[in-house]
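Visitor: Based on the sequences and whatever the hints tell you, model everything.
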Amino acid sequence: MTSFFKRLVAAAVCGIAFSALPLTGAQAATPDTPSLAGKPVRIVVPYAAGGLADITARLLSDHLSTRLGTTVMVENRPGANGSIGTALVAKAAPDGHTLALVVSSHVFGKSLMPDLPFDPIKDFTPVTLATRTAMVLVATPDLPVKNVPELISYVKARPNQLAFASAGNGSNVHIFGQSFADLAALQMAHVPYKGSAAAHVDLMAGRTQIVFDTLGAVQPHIAAGKMKLLAAGADRLPLYPDLPTVAEAGFPGFRAESWGAVIAPANTPPDIVKLLNREIVAVLNLPPVRKRLEDAGAQIVGSSPAELQTLLVSEEKKYGDLIRTMGIKLD
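When the letters of the sequence shown are read in order and numbered with mature numbering (1 follows the signal peptide of the UniProt record, and there is no 0), they come out as residues -28 to -1, 1 to 303.
Do not take every clue at face value.
[What the hints assert, rightly or not] Straight-line distance between alpha carbons at most 30 Å, and here's what the computed DSS-like set of lysine-lysine pairs gives:
no., residue 1, residue 2
1, Lys166, Lys11
2, Lys301, Lys289
3, Lys94, Lys290
4, Lys289, Lys82
5, Lys94, Lys82
6, Lys246, Lys289
7, Lys200, Lys94
8, Lys118, Lys128
9, Lys198, Lys118
10, Lys246, Lys63
11, Lys301, Lys290
12, Lys94, Lys198
13, Lys290, Lys166
14, Lys118, Lys200
15, Lys200, Lys166
16, Lys63, Lys289
17, Lys198, Lys246
18, Lys128, Lys263
19, Lys246, Lys200
20, Lys128, Lys246
21, Lys290, Lys82
22, Lys263, Lys63
23, Lys200, Lys263
24, Lys11, Lys200
25, Lys11, Lys128
26, Lys289, Lys166
27, Lys82, Lys246
28, Lys94, Lys301
29, Lys290, Lys11
30, Lys82, Lys301
31, Lys301, Lys166
32, Lys246, Lys290
33, Lys63, Lys166
In case anyone wonders, no lab produced these hints; they're calculated from the structure.
These numbers come from a predicted model, not from an experiment.
Guide: Structure follows, in structure tokens:
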């Protein structure tokens, strides 16, 4: 066989081998690379539509469908402080096709509801901490105070005459509001609503006086002059660098902040968790996704599953102790 003919045969063999390789796009599955293709993926949001958790889930859905090679749907299942939708995920098959996007109140469950039908830690597999969200203390614009010390003096002069709003009994907004009132020894009523939007309406109308909420949720009302800022909940904010925190106003250690996390049913296989973590973190860091979430007041995190697990355990203990101290229970 001539050397030329040998080269020709070798080239042909290489060409056949190359043509047998899968085309790239949505990564083709092999025995060593898991795939979720062929069956839809559900992201359950156990809260009403329109909040940051819902926005985050829908942004993930839009991009994950292409990256995972299957339809990714968002399903809102609000009710019972998020426990209805979360219970659905706890009971789902641990195959990566049912996820939940939960917020910080997820870890309040056992402390608020002893009969909760699932364990917020043990019945789930952590995937990623998606976002952290700045919270702020805002007031109705007619309230004649400009900061936390003035608020405390004003409320103490009018015991049991003023109220703080929340997005519902047991919500993180409720816990932060009650914690602040207790620390400052304020006698204020708590008025729960079915979601932040309803709470904002009454606050702007003057039927309640203050609320803790995410900056993204209240920023449009602040810009319109319908709410006013009194303090940052945790850290000073890039958008309002001169706004003091509640801690700086005399309550060291006080932090009001929220987060959004993706979790899966317990016993979801590690290779599926790794796939979901990689793809979700990649989507969170896409420029248009990052911009949309940052515009809504969120900070992109994209943690590892282990980092989220550590956070969940720590937060459950911290807020469990706080809730028991405050004596808050849900029926």
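Visitor: For each hint, tell me whether it holds in the structure or not.
Guide: Comparing the hints with the structure gives:
1. Lys166 to Lys11: Roughly 34 Å between the alpha carbons, so the hint for Lys166 and Lys11 is violated.
2. Lys301 to Lys289: Judged against 30 Å, a Cα distance of about 16 Å means the pair holds.
3. Lys94 to Lys290: 17 Å, holds
4. Lys289 to Lys82: Measuring from Cα to Cα gives roughly 10 Å; hence the hint holds.
5. Lys94 to Lys82: 12 Å, holds
6. Lys246 to Lys289: 27 Å, holds
7. Lys200 to Lys94: 41 Å, violated
8. Lys118 to Lys128: Holds, at about 16 Å.
9. Lys198 to Lys118: 14 Å, holds
10. Lys246 to Lys63: Answer holds: Lys246 to Lys63 is near 21 Å, not above 30 Å.
11. Lys301 to Lys290: Distance of about 16 Å is within 30 Å: holds.
12. Lys94 to Lys198: 43 Å, violated
13. Lys290 to Lys166: 25 Å, holds
14. Lys118 to Lys200: Satisfied, since the Cα-Cα distance of roughly 8 Å is no more than 30 Å.
15. Lys200 to Lys166: 22 Å, holds
16. Lys63 to Lys289: Given that 30 Å is the threshold and the Cα spacing comes to 24 Å, the pair holds.
17. Lys198 to Lys246: 45 Å, violated
18. Lys128 to Lys263: Violated. Lys128 to Lys263 sits at ~42 Å, over the 30 Å cutoff.
19. Lys246 to Lys200: Violated, at about 43 Å.
20. Lys128 to Lys246: Distance of about 52 Å is beyond 30 Å: violated.
21. Lys290 to Lys82: Status holds; Cα separation ~13 Å.
22. Lys263 to Lys63: 34 Å, violated
23. Lys200 to Lys263: Given that 30 Å is the threshold and the Cα spacing comes to 25 Å, the pair holds.
24. Lys11 to Lys200: 47 Å, violated
25. Lys11 to Lys128: Cα-Cα ~58 Å, so violated.
26. Lys289 to Lys166: It holds: about 26 Å lies between the C-alpha atoms, which stays within 30 Å.
27. Lys82 to Lys246: 28 Å, holds
28. Lys94 to Lys301: At roughly 22 Å apart (the allowed maximum being 30 Å), Lys301 and Lys94 satisfy the hint.
29. Lys290 to Lys11: It is violated: about 38 Å lies between the C-alpha atoms, which goes past 30 Å.
30. Lys82 to Lys301: At roughly 10 Å apart (the allowed maximum being 30 Å), Lys301 and Lys82 satisfy the hint.
31. Lys301 to Lys166: 17 Å, holds
32. Lys246 to Lys290: 28 Å, holds
33. Lys63 to Lys166: 26 Å, holds
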